[in-house]
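Participant: Residue strings, one per chain:
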Amino acid sequence: RKEVEQDPGPFNVPEGATVAFNCTYSNSASQSFFWYRQDCRKEPKLLMSVYSSGNEDGRFTAQLNRASQYISLLIRDSKLSDSATYLCVVIRDSISGYALNFGKGTSLLVTP
Amino acid sequence: ETGVTQTPRHLVMGMTNKKSLKCEQHLGHNAMYWYKQSAKKPLELMFVYSLEERVENNSVPSRFSPECPNSSHLFLHLHTLQPEDSALYLCASSQVQGNSPLHFGNGTRLTVT
Numbered sequence: 001r002k003e004v005e006q007d008p009g010p011f012n013v014p015e016g017a018t019v020a021f022n023c024t025y026s027n028s029a030s031q032s033f034f035w036y037r038q039d040c041r042k043e044p045k046l047l048m049s050v051y052s053s054g055n056e057d058g059r060f061t062a063q064l065n066r067a068s069q070y071i072s073l074l075i076r077d078s079k080l081s082d083s084a085t086y087l088c089v090v091i092r093d094s095i096s097g098y099a100l101n102f103g104k105g106t107s108l109l110v111t112p
Numbered sequence: 001e002t003g004v005t006q007t008p009r010h011l012v013m014g015m016t017n018k019k020s021l022k023c024e025q026h027l028g029h030n031a032m033y034w035y036k037q038s039a040k041k042p043l044e045l046m047f048v049y050s051l052e053e054r055v056e057n058n059s060v061p062s063r064f065s066p067e068c069p070n071s072s073h074l075f076l077h078l079h080t081l082q083p084e085d086s087a088l089y090l091c092a093s094s095q096v097q098g099n100s101p102l103h104f105g106n107g108t109r110l111t112v113t
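If you read the sequences in order, they're chains A and B. Going by my numbering, the first sequence opens with residue 1, and the numbers climb by one from there. Going by my numbering, the second sequence opens with residue 1, and the numbers climb by one from there.
No wet-lab data here; the hints were simulated from the structure. Do not rely on the hints blindly, as some may be mistaken.
With a straight-line Cα cutoff of 25 Å, these simulated DSS-like cross-link-like pairs (lysine-lysine) come out [as the list claims (entries may be wrong)]:
1) B:LYS19 with A:LYS104
2) B:LYS41 with A:LYS2
3) B:LYS36 with A:LYS42
4) B:LYS36 with B:LYS19
5) B:LYS22 with A:LYS45
6) A:LYS45 with B:LYS18
7) B:LYS18 with A:LYS104
8) A:LYS2 with B:LYS36
9) A:LYS2 with A:LYS104
10) B:LYS40 with B:LYS22
11) A:LYS104 with B:LYS41
12) A:LYS79 with B:LYS40
13) B:LYS41 with B:LYS22
14) B:LYS36 with B:LYS22
15) A:LYS79 with A:LYS2
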């Protein structure tokens with residue numbers, strides 16, 4: 001089983017819709033979680049960290065479910081400019097070593 | 001200057017050329033990474049340097065040779081590349097302790113002819 005898995009999509013949603021992505025991770029010792037956004041032919045950019053209590057930044061909400069080992073990203077009131085690939089990142093730093101793993105990304109297309 | 005800077009932004013090279021990609025980070029991080037991203041494909045980790053020591057080499061062909069002279073600079077030396085090596089090469093840095101996220105440079109778009 002891959003350490004981090006995402007549904008590649010694409011998710012096609014109309015403007016104004018609410019869309020959610022999940023990302024599952026296999027190692028229960030994972031400690032830090034992030035969502036990145038990558039536009040076509042550009043570098044990934046940090047969108048938001050994911051905290052145990054959940055966190056919100058404007059239209060974006062990130063949540064962590066340790067029991068089921070997944071993180072989620074919810075986008076409300078989708079804008080055309082939200083079209084991008086969303087990558088989750090899982091970090092594990094333990095006695096066995098440091099590991100940082102990217103998911104393969106979920107593609108979102110917001111249409112007029 | 002802040003963040004992670006990569007040069008050049010674009011590079012076209014022949015299969016017999018030797019070139020180097022440069023990455024510099026001004027974030028005080030202690031780990032640096034090279035990633036490769038081919039068209040419409042996910043990120044592929046190539047090399048990781050933590051505290052200036054190479055800690056991971058994901059079976060990358062020897063025609064790619066990394067160099068990390070200090071914690072702020074990372075190079076990727078290229079020689080006798082193949083057309084299939086054409087891709088976006090991304091440098092990133094992070095602070096290993098504290099599980100901080102990666103910060104990426106703008107990337108070098110490499111075309112091998």
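Participant: If a hint holds in the structure, say so; if it does not, say that too.
Facilitator: Each hint tested on the structure:
Between LYS19 of chain B and LYS104 of chain A the alpha-carbon distance is near 29 Å, which puts this suggested pair outside the 25 Å criterion. A threshold of 25 Å between alpha carbons decides the hint, and for LYS41 of chain B with LYS2 of chain A the separation of about 16 Å falls inside it, so the pair holds. A C-alpha spacing of about 12 Å is found between LYS36 of chain B and LYS42 of chain A, which places the hinted pair at or below 25 Å, so the restraint holds. The suggested pairing of LYS36 of chain B with LYS19 of chain B holds, with an alpha-carbon distance near 16 Å, which does not exceed 25 Å.
Straight-line distance between C-alpha atoms of LYS22 of chain B and LYS45 of chain A comes to about 20 Å, which keeps the hinted pair within the 25 Å bound. Using a Cα cut-off of 25 Å, the hinted pair LYS45 of chain A and LYS18 of chain B is violated, with the two alpha carbons roughly 30 Å apart. Restraint check: the Cα-Cα separation between LYS18 of chain B and LYS104 of chain A comes to about 31 Å, which exceeds 25 Å; the hinted pair is violated. Among the hinted pairs, LYS2 of chain A with LYS36 of chain B is consistent with the structure: their alpha-carbon atoms are about 19 Å apart, no more than 25 Å.
Distance check on the hinted pair: LYS2 of chain A and LYS104 of chain A sit about 11 Å apart at the alpha-carbon level, within 25 Å; holds. At most 25 Å may separate the alpha-carbon atoms for a hinted pair to count; LYS40 of chain B and LYS22 of chain B meet this at roughly 24 Å. Taking the CA atoms of LYS104 of chain A and LYS41 of chain B, the gap is about 8 Å. The hint holds against a cut of 25 Å. Restraint check for LYS79 of chain A and LYS40 of chain B: the C-alpha separation of about 23 Å stays at or below 25 Å, so the hint holds.
A C-alpha spacing of about 23 Å is found between LYS41 of chain B and LYS22 of chain B, which places the hinted pair at or below 25 Å, so the restraint holds. Annotation: proposed proximity of LYS36 of chain B to LYS22 of chain B holds, straight-line Cα distance about 14 Å (limit 25 Å). About 32 Å separates the Cα atoms of LYS79 of chain A and LYS2 of chain A, which puts this hinted pair outside 25 Å; it is violated.
In this structure, the earlier hints numbered 1, 6, 7 and 15 are contradicted, and the remaining ones agree with it.
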